[in-house]
Amino acid sequence: MVDTTAPTTTAMREIEPSARPRAVRKPRGILVPLWLGYVFLYLPILIVVIMSFNASENLFVWKGFSLRWYPELFADEKIMQGLGNTLIVATGATAIATVLGTLLAYGIQHYTRGGLIRAFAIAPAILPDLLLGIGLLTLFSLASVTLGLHSVILAHGVFATAFVTAIVLARMANLDPSLEEASRDLGAGAVRTFMRVTLPQLAPGIVAGALLAFTLSIDEFVIAFFTTAPTQPTLPIVIYSMVRFGVTPEVNALATILLLVSVVTVIAAQRLTRLTGTTR
Amino acid sequence: MTSTNHPAAPAARTVRRGLAPVPFLAPGMIYLILFMALPVGLLAFYTFFKRGRFGGIVFEFTLDNWVKLFEPLYVGVILQSIVLAGIVTLLALLIGYPMAYAIAGLSPKWRTVALVAVVLPFWTNFLIRTYAWILLLNNAGWVNQWLQGLGITDAPISMLYTPQAIVVGLLYMYLPLMVLPLYASLQQLDPSLREAATNLGATPWRAFRTVTLPLSIPGALTGCIFVFVPAMSNFVIPELIGGGKTIMVGNLVRDQFFEARDWPFGATLALLLTILLVIVIVVQTAVSRRLTEGPRRG
Chain X
1 MVDTTAPTTT
11 AMREIEPSAR
21 PRAVRKPRGI
31 LVPLWLGYVF
41 LYLPILIVVI
51 MSFNASENLF
61 VWKGFSLRWY
71 PELFADEKIM
81 QGLGNTLIVA
91 TGATAIATVL
101 GTLLAYGIQH
111 YTRGGLIRAF
121 AIAPAILPDL
131 LLGIGLLTLF
141 SLASVTLGLH
151 SVILAHGVFA
161 TAFVTAIVLA
171 RMANLDPSLE
181 EASRDLGAGA
191 VRTFMRVTLP
201 QLAPGIVAGA
211 LLAFTLSIDE
221 FVIAFFTTAP
231 TQPTLPIVIY
241 SMVRFGVTPE
251 VNALATILLL
261 VSVVTVIAAQ
271 RLTRLTGTTR
Chain F
1 MTSTNHPAAP
11 AARTVRRGLA
21 PVPFLAPGMI
31 YLILFMALPV
41 GLLAFYTFFK
51 RGRFGGIVFE
61 FTLDNWVKLF
71 EPLYVGVILQ
81 SIVLAGIVTL
91 LALLIGYPMA
101 YAIAGLSPKW
111 RTVALVAVVL
121 PFWTNFLIRT
131 YAWILLLNNA
141 GWVNQWLQGL
151 GITDAPISML
161 YTPQAIVVGL
171 LYMYLPLMVL
181 PLYASLQQLD
191 PSLREAATNL
201 GATPWRAFRT
211 VTLPLSIPGA
221 LTGCIFVFVP
231 AMSNFVIPEL
241 IGGGKTIMVG
251 NLVRDQFFEA
261 RDWPFGATLA
271 LLLTILLVIV
281 IVVQTAVSRR
291 LTEGPRRG
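Going down the list, the sequences are from chains X and F. Residue 201 in full-length UniProt numbering sits at position 201 of the first sequence; the count goes up by one each step and never skips. Residue 246 in full-length UniProt numbering sits at position 246 of the second sequence; the count goes up by one each step and never skips.
Only chain X is shown next, with the shape it has when bound in the complex (with noise of 0.2 angstroms):
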C-alpha cells in the first residue's frame, strides 16, 4: 500500500517533454484491456450510485428517480454515531502520524545511513493489518486499558504514520539540499534550520501525507474492529454490520458520498504531490 502514489508521482516527474520516441509502432488494440479493465473497475460503483437514486426500497429493481435516501441517512442515528467517532479516530490519528511522521521522515533522511530504522518505521505499512490489530488488542488487554476510541486512535497512528513518514521521505529526496546547507554554514542548528528551511518546503508533501493518513483512517476496518469497543463503532464498522445484517438503500447513499470525498481528497493530495514535485 505504500507505493499507491509513489507511481503516480514518478509519472509527474517524468512529465517533463523528454524522449519517448514515435519509433515503436502501438497497435491500437493495446488500449481494450484497459477499457476493459475500466469497466470492471467502476461498474460496482457506479451501479452502487445510481442505487442511491433509486426510488423503490428494493435494492435490485428501479423504480425511478428519488433522492429521499440521502435525508434519511442523515437521520440515521448509528451512522451518524459512526460518522462521528470516523472524523475523531482520524482526526487523532493523522495528528500524531503527521507530527511524528514528519520528524521521522527528517531523522532518517538526514542521520541515519542503513535501511534499518528506515524499514522499521515503513513497516506498519506492509504488515498485515490482522496482525497489527490483534496485537494491540493482546496489547491493551495485557495493560488493562479499556477499549474504546483512544484506543483505535493509537492504533491507527501506526499504520498512518508510517504512510507520512514515506511520503514525506519521497518529497525529501527531490528537495535541494544546499539550501540546508547553507542554513547550516550561516550557523542556524539543526532545529532552526528544520523549522526555518526544510519545512516550509515540505509542507506539500506533509499535507499530502495528512490527508492520505486521514482518508486511510476514515476507511480503516481491520484495526478498528479489533480494537474498539462494540459501543463505539467507526463508520466502517456501521456499514460492516449494516452489510452483514440486511442492507437498507441508505448504503448506497453513504457510499457515494463517501465515493465523492476520497475522489476529491485523492486529487487534492495528487495536486500537491505535483506541486512539491515541481518545486524540487
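If you are wondering where the hints come from, they were derived from the structure by calculation, not from laboratory data. Please note: incorrect hints may appear among the correct ones.
Quick list of in silico lysine to any residue cross-link-like pairs, SDA-like style, CA-CA up to 20 angstroms [to be verified]:
1) F:Lys50 / F:Leu69
2) F:Lys109 / X:Leu31
3) F:Lys245 / X:Val243
4) F:Lys68 / F:Ile247
5) X:Lys63 / F:Gln145
6) F:Lys109 / X:Ile267
7) F:Lys68 / F:Arg53
8) F:Lys245 / X:Ser241
9) X:Lys63 / F:Lys245
10) X:Lys63 / F:Gly149
11) F:Lys245 / F:Val83
12) F:Lys68 / F:Phe48
13) F:Lys50 / F:Glu71
14) X:Lys63 / F:Ala140
15) F:Lys68 / F:Ala44
16) X:Lys78 / X:Gly148
17) F:Lys50 / X:Leu142
18) F:Lys109 / X:Arg244
19) F:Lys50 / F:Asp255
20) F:Lys109 / X:Tyr38
21) X:Lys78 / X:Gln201
22) F:Lys109 / X:Ala268
23) X:Lys63 / F:Val143
24) F:Lys245 / X:Gly246
25) X:Lys63 / F:Gly141
26) F:Lys245 / X:Ser141
27) X:Lys63 / F:Asn138
28) F:Lys50 / X:Val243
29) F:Lys50 / X:Ser141
30) F:Lys245 / X:Leu142
31) F:Lys109 / X:Arg271
32) F:Lys245 / F:Pro72
33) F:Lys109 / F:Pro191
34) F:Lys109 / X:Trp35
35) F:Lys109 / X:Ile30
36) F:Lys109 / X:Val263
37) X:Lys63 / F:Trp142
Given chain X, put chain F in place with the hints provided.
Just chain F now, with coordinates in the frame of chain X:
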C-alpha cells in the same frame, strides 16, 4: 541540537552528530516500538502459552499451539487460503499486466489520468466495494438480471456465497495494487532498448517477449506480493461474499479471538501467516535481485 557548534561540517546528510538525531527520531521510534514492535512481540510470546478459560492466557509453557497447526483441519484452511490467494494473484497479473502496459504507452498527460483512474476505486471504502459485489452477484442481482434479459439463462445462477465469488471480490479489491508496481517498472524501461530490438528486425511481439517482459518481472513480483499478502489475510470478503462457507486463515484468526477465545492459538495462526508472507517477500527480493543484475550487466 549540539550540531550548532559545527556549522562547517561537510556532507550534512550522512554525518551523525551526537544527540542531534534524538529529537527527530525518538518520538516516532518510541511510538512504533510501543504500538507495533511490542504488540507483535507479545503475540509471538503468547504462542508458547496456554489459553485462558475466558480468553486471555495462562502462563504455562507449551508447544501445543504450534503442533495444532498441523491438524488436518487447519492445514486444509491454510492450503485453501494459499490456493485462493494464489489464483487471485495470477488473475490480477493476467489482467493487470496488459493494463499497466497500455498505460505506460500513453502520452505523459494521459498516463497520469489513466493512473489516477486505476487508483481511485482503491480509495473508496473497502466495505462499500465489497457490498457492491453483493448487489451484482445476488440471485436477484444485476448480473443475473442481465443474463436473463439477454436470454443466456432462464433461472438465476447462484454466484454469491461461492469460492469463485471470493476470488472475484479479492481480485476486484487488490487489482490496483498489481497495476501500480507493474506500471512503475514498465515506464522505467529505457525505450531505446525496445527501439533497438525493432531496428534490428524484431517484430513487436518478439521485442516485447525478449526485451520488455523479462525487464518487467521485478515489478510483476512486487505486484504479486502486494496482491497476495492482503488477499491471504482478508476475512471480510470470505464472510460477506463467500457467505462464511469458505474459511480463510483470516477468518480463523478472527474466530479464535472473538468466538473460540483461544488467543494463543489465534496468535500462532497470525504469526504463521506472517512467516509465510516474509518467506514470500524474501524469495521475491532474491529473484528480482538476480534478474536485475543478470541481463543489465551483460
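Against the structure, the hints:
About 15 angstroms separates the Cα atoms of F:Lys50 and F:Leu69, which keeps this hinted pair within 20 angstroms; it holds. For the given pair, F:Lys109 sits about 16 angstroms from X:Leu31 by alpha-carbon distance, which is consistent with the 20 angstroms threshold. Between F:Lys245 and X:Val243, the direct Cα distance comes to roughly 17 angstroms. Compliance with the 20 angstroms bound is thereby established for this hinted pair. For the hint pairing F:Lys68 with F:Ile247, the CA-to-CA distance comes to about 17 angstroms; that is within 20 angstroms, so the pair holds.
Distance check on the hinted pair: X:Lys63 and F:Gln145 sit about 15 angstroms apart at the alpha-carbon level, within 20 angstroms; holds. A distance of roughly 15 angstroms separates the Cα atoms of F:Lys109 and X:Ile267; the hinted pair therefore holds under the 20 angstroms criterion. Between the alpha carbons of F:Lys68 and F:Arg53 the distance comes to roughly 18 angstroms, so the proposed pair stays at or under 20 angstroms and holds. Our distance criterion of 20 angstroms between C-alpha atoms is met by F:Lys245 and X:Ser241, whose separation comes to about 18 angstroms.
Annotation: proposed proximity of X:Lys63 to F:Lys245 is violated, straight-line Cα distance about 34 angstroms (limit 20 angstroms). A hinted pair counts as satisfied when its Cα atoms are at most 20 angstroms apart, and X:Lys63 with F:Gly149 qualifies at roughly 17 angstroms. Of the pairs offered as hints, the one joining F:Lys245 and F:Val83 holds, with about 16 angstroms between alpha carbons and a cut-off of 20 angstroms not exceeded. The hinted pair formed by F:Lys68 and F:Phe48 meets the criterion: a straight-line CA distance of about 12 angstroms does not exceed 20 angstroms.
For a cut-off of 20 angstroms, the pair hint linking F:Lys50 to F:Glu71 stands: about 17 angstroms separates their Cα positions. Distance restraint check for X:Lys63 and F:Ala140: the Cα-Cα separation of roughly 15 angstroms lies within the 20 angstroms cut-off, and the hinted pair is therefore satisfied. The straight-line distance between the Cα atoms of F:Lys68 and F:Ala44 is roughly 16 angstroms, inside the 20 angstroms bound, and the hint therefore holds. A distance of roughly 16 angstroms separates the Cα atoms of X:Lys78 and X:Gly148; the hinted pair therefore holds under the 20 angstroms criterion.
Of the pairs offered as hints, the one joining F:Lys50 and X:Leu142 holds, with about 15 angstroms between alpha carbons and a cut-off of 20 angstroms not exceeded. The straight-line distance between the Cα atoms of F:Lys109 and X:Arg244 is roughly 42 angstroms, outside the 20 angstroms bound, and the hint therefore fails. With a CA separation close to 17 angstroms, the supplied pair F:Lys50 and F:Asp255 stays within the 20 angstroms bound. Simply put, F:Lys109 and X:Tyr38 have alpha-carbon atoms about 18 angstroms apart, close enough for the 20 angstroms limit, and the pair holds.
Pair hint X:Lys78 plus X:Gln201 does not hold up; C-alpha atoms about 42 angstroms apart against a cutoff of 20 angstroms. Only pairs whose Cα atoms come within 20 angstroms are accepted, and F:Lys109 paired with X:Ala268 is accepted, the gap being roughly 17 angstroms. Between X:Lys63 and F:Val143 the CA atoms are separated by roughly 18 angstroms; this keeps the pair inside 20 angstroms, and the hint holds. A distance of roughly 18 angstroms separates the Cα atoms of F:Lys245 and X:Gly246; the hinted pair therefore holds under the 20 angstroms criterion.
Distance check on the hinted pair: X:Lys63 and F:Gly141 sit about 15 angstroms apart at the alpha-carbon level, within 20 angstroms; holds. Restraint check for F:Lys245 and X:Ser141: not satisfied, since their Cα atoms lie roughly 31 angstroms apart, outside the 20 angstroms limit. With a CA separation close to 19 angstroms, the supplied pair X:Lys63 and F:Asn138 stays within the 20 angstroms bound. Simply put, F:Lys50 and X:Val243 have alpha-carbon atoms about 35 angstroms apart, too far for the 20 angstroms limit, and the pair is violated.
Of the supplied pair hints, the one linking F:Lys50 and X:Ser141 holds, its CA atoms being roughly 16 angstroms apart against a limit of 20 angstroms. Taking the CA atoms of F:Lys245 and X:Leu142, the gap is about 33 angstroms. The hint is violated against a cut of 20 angstroms. Simply put, F:Lys109 and X:Arg271 have alpha-carbon atoms about 14 angstroms apart, close enough for the 20 angstroms limit, and the pair holds. As the CA atoms of F:Lys245 and F:Pro72 are separated by approximately 17 angstroms, the hinted pair is consistent with the 20 angstroms bound.
For the hint pairing F:Lys109 with F:Pro191, the CA-to-CA distance comes to about 18 angstroms; that is within 20 angstroms, so the pair holds. A threshold of 20 angstroms between alpha carbons decides the hint, and for F:Lys109 with X:Trp35 the separation of about 17 angstroms falls inside it, so the pair holds. Between F:Lys109 and X:Ile30 the alpha-carbon distance is near 18 angstroms, which keeps this suggested pair within the 20 angstroms criterion. With a CA separation close to 19 angstroms, the supplied pair F:Lys109 and X:Val263 stays within the 20 angstroms bound.
For the hint pairing X:Lys63 with F:Trp142, the CA-to-CA distance comes to about 14 angstroms; that is within 20 angstroms, so the pair holds.
In the structure shown, a violation is registered for the earlier hints numbered 9, 18, 21, 26, 28 and 30, in ascending order.
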